[in-house]
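Peer 1: Construct all of the structure, not just a fragment, from the sequences and the given hints.
Just so you know, the sequences run in chain order W and Y. Numbering-wise (this note's numbering), the first sequence opens with residue 3 and increments by one. Numbering-wise (this note's numbering), the second sequence opens with residue 1424 and increments by one.
Some hints here could point you the wrong way.
[Said to hold, decoys possible] In silico BS3-like cross-links for lysine-lysine, where the CA-CA straight-line distance does not exceed 27 Å:
#1 Y:Lys-1475 with W:Lys-156
#2 Y:Lys-1454 with W:Lys-141
#3 W:Lys-127 with Y:Lys-1454
#4 Y:Lys-1695 with W:Lys-157
#5 Y:Lys-1695 with W:Lys-127
#6 Y:Lys-1695 with W:Lys-156
#7 Y:Lys-1680 with W:Lys-127
#8 W:Lys-157 with Y:Lys-1454
#9 Y:Lys-1454 with Y:Lys-1468
[Unchecked claim] To spell it out: a stretch of chain W is covered by chain Y in this simulated footprint if at least three of its residues, at any positions, have a beta carbon under 8 Å from a beta carbon of chain Y; those stretches are:
#10 5-12
#11 20-29
#12 155-163
It should be emphasised that the hints constitute simulated quantities derived from the structure, not laboratory data. Cβ coordinates follow ideal geometry from the N, Cα and C atoms, glycine included.
The residues making up each chain are set out below.
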Amino acid sequence: MIVSMTLELKDIPGQLVLALSPISEFHGNIMSVIHQHDEKTPRGTIPVQIRFEIEHEVLNKLIERLEESGVKVARVGEERLRSTVSVILIGHIVHSDMGDTIDRIDSTGFAEVVDMSLSMPAIDKTSSAYLVINAVGEKELSTALDIMRDVANKKELLMIEPIHMNSVGA
Amino acid sequence: MRTFRISIIGFGAVGQGVARAILSKQEYLNKQGIDLRVVGISDSKGFEINEKGIDIDAALLRKKQKGSVALGPGIGLDIIRDVEHDIVVEVTPTNINNGEPGLSNMRAAFGLGKHVVTSNKGPLALHFSELKELAQDNGLFFRYEATVGGAVPIFNLVHEALAGNTVIGIEGILNGTCNYILTRMSDERMPYDLVLKEAQELGFAETDPTYDVEGIDSAIKLVIIANSVFSQAATYKDVDVTGINKITPEALELANKNDYVVKLVCEARNGKLTVAPRLVPKRHPLAVGGTLNVASILTDLAGRITISGKGAGSIETASSIISDILYIVRNSKS
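Peer 2: This is the structure we're talking about:
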């Protein structure tokens, strides 16, 4: 899981190392550290924002360890679903059990349909839907797309995916 | 002055465009010491042959007035076999079932020591490697820029300008008819059937639109790209094809609200060939409208290079053919 944390450090030397070393001890992967020495809190401490990837099970132990060593953990936030993709579905979306279509993604545990707009022009006409799927990582997102492709295929829905090379050097 | 004798096999929109382009570029060519002499023109009704050079103006006028260039009966293959010349411009219509008559014309040309420049997709989609080897074995040029993307120089870009690069993937919009239909549906919120009818009336779509709207034309072009750029031995059957005929105006509007456009995108990547409607971010270089074609080439050294332009039209396609003819003129020893 991805965690973002705001820590408050005392304004004395060696505090940043004190804050970061427990994260590596628990095999966390630090993704970014924002350390602004000239921005003090009203309490006279220095705020540090850290973003890292860590196993869910050890997070509480990590927080305990930080507090024991005198680092104040001011905020903990989990960025669970950080990868996102949009798709369009065309066909008999409602009559092919829309709830089931969404459930197939939500039931994975690693991806969710987080947004959906549906357009139904007339009873005898095909519907169109715009879906946003979020997942915990790129690999999981790709698996979620595979599932959605399979569902669309079985329910005879046309699925429009984004172009692939989108992210590279565009 | 170096003289190059040319035959134009097929005198439809593209063939006439080539004739017009040669005529209008006479001075430009002469300044470079090049004399392009058209010695044979054929269409479905017959041909004209003149070893001293055909009067192109008269040939174009006769085609316009009588519906044919023919001064006598015969087929293109007769010109290729019987008239001495250097370059065969093979611009007969694409036949995707067996590639004929283009395939026989090209085989004959290579067998008789003539270079080939073509816009005909059929033979290349069916027998690319055979034709390429035939040209190589006989020390001849085989140029086909006009088969994909009309005026857009995709093969020249990859093989000449980007020489040394490894191409990682290619994405493109290679069918102007589909692009026109999707653009109109999106801009005017019109249903597919109505826009198709409009496109047919404007001459952007054929009476039988299957070939375009079901993605067949795009898939054939993708096969030629795969064979030429990635040296794959691909055929039409290797392409996963989805057309645009099921797309609704509502889907386009939903895309639009979320800053996307829907385009029929051809994709060659990791050995996989796909033609399918895709969501393209509005500000992405692939998001071109109207009848435009576009190709985006991702390479290891240059990164992404995108070119767009007119994918069809008589003079636009002739631009690619003239460029191929001049490539042969500049690079051949004779």
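Peer 1: Hint by hint, say whether it matches the structure.
Peer 2: Now for the hints, and whether the structure bears them out:
Restraint check for Y:Lys-1475 and W:Lys-156: the C-alpha separation of about 65 Å exceeds 27 Å, so the hint is violated. Between the alpha carbons of Y:Lys-1454 and W:Lys-141 the distance comes to roughly 60 Å, so the proposed pair goes past 27 Å and is violated. With a C-alpha separation of about 63 Å, the suggested pair W:Lys-127 and Y:Lys-1454 falls outside the 27 Å cut-off, and the hint is violated. Restraint check: the Cα-Cα separation between Y:Lys-1695 and W:Lys-157 comes to about 24 Å, which is no more than 27 Å; the hinted pair holds.
Restraint check: the Cα-Cα separation between Y:Lys-1695 and W:Lys-127 comes to about 33 Å, which exceeds 27 Å; the hinted pair is violated. Under the criterion of a C-alpha separation no larger than 27 Å, the hint pairing Y:Lys-1695 with W:Lys-156 is consistent with the structure, at around 22 Å. For the proposed pair Y:Lys-1680 and W:Lys-127, the alpha carbon gap of about 21 Å is at most 27 Å, so the pair holds. For a cut-off of 27 Å, the pair hint linking W:Lys-157 to Y:Lys-1454 is broken: about 64 Å separates their Cα positions.
Taking the CA atoms of Y:Lys-1454 and Y:Lys-1468, the gap is near 36 Å; set against the 27 Å cutoff, the hint is violated. Counting residues of the segment 5-12 of chain W whose CB falls under 8 Å from any CB of chain Y gives 0; the rule of at least 3 is not met. Counting residues of the segment 20-29 of chain W whose C-beta sits closer than 8 Å to any C-beta of chain Y gives 0, which falls short of three, so the coverage hint is violated. Residue count for the segment 155-163 of chain W with a Cβ under 8 Å from a Cβ of chain Y: 3. That meets the three needed, and the coverage hint holds.
Comparing the model with each earlier hint shows violations of hints 1, 2, 3, 5, 8, 9, 10 and 11; every other hint is respected.
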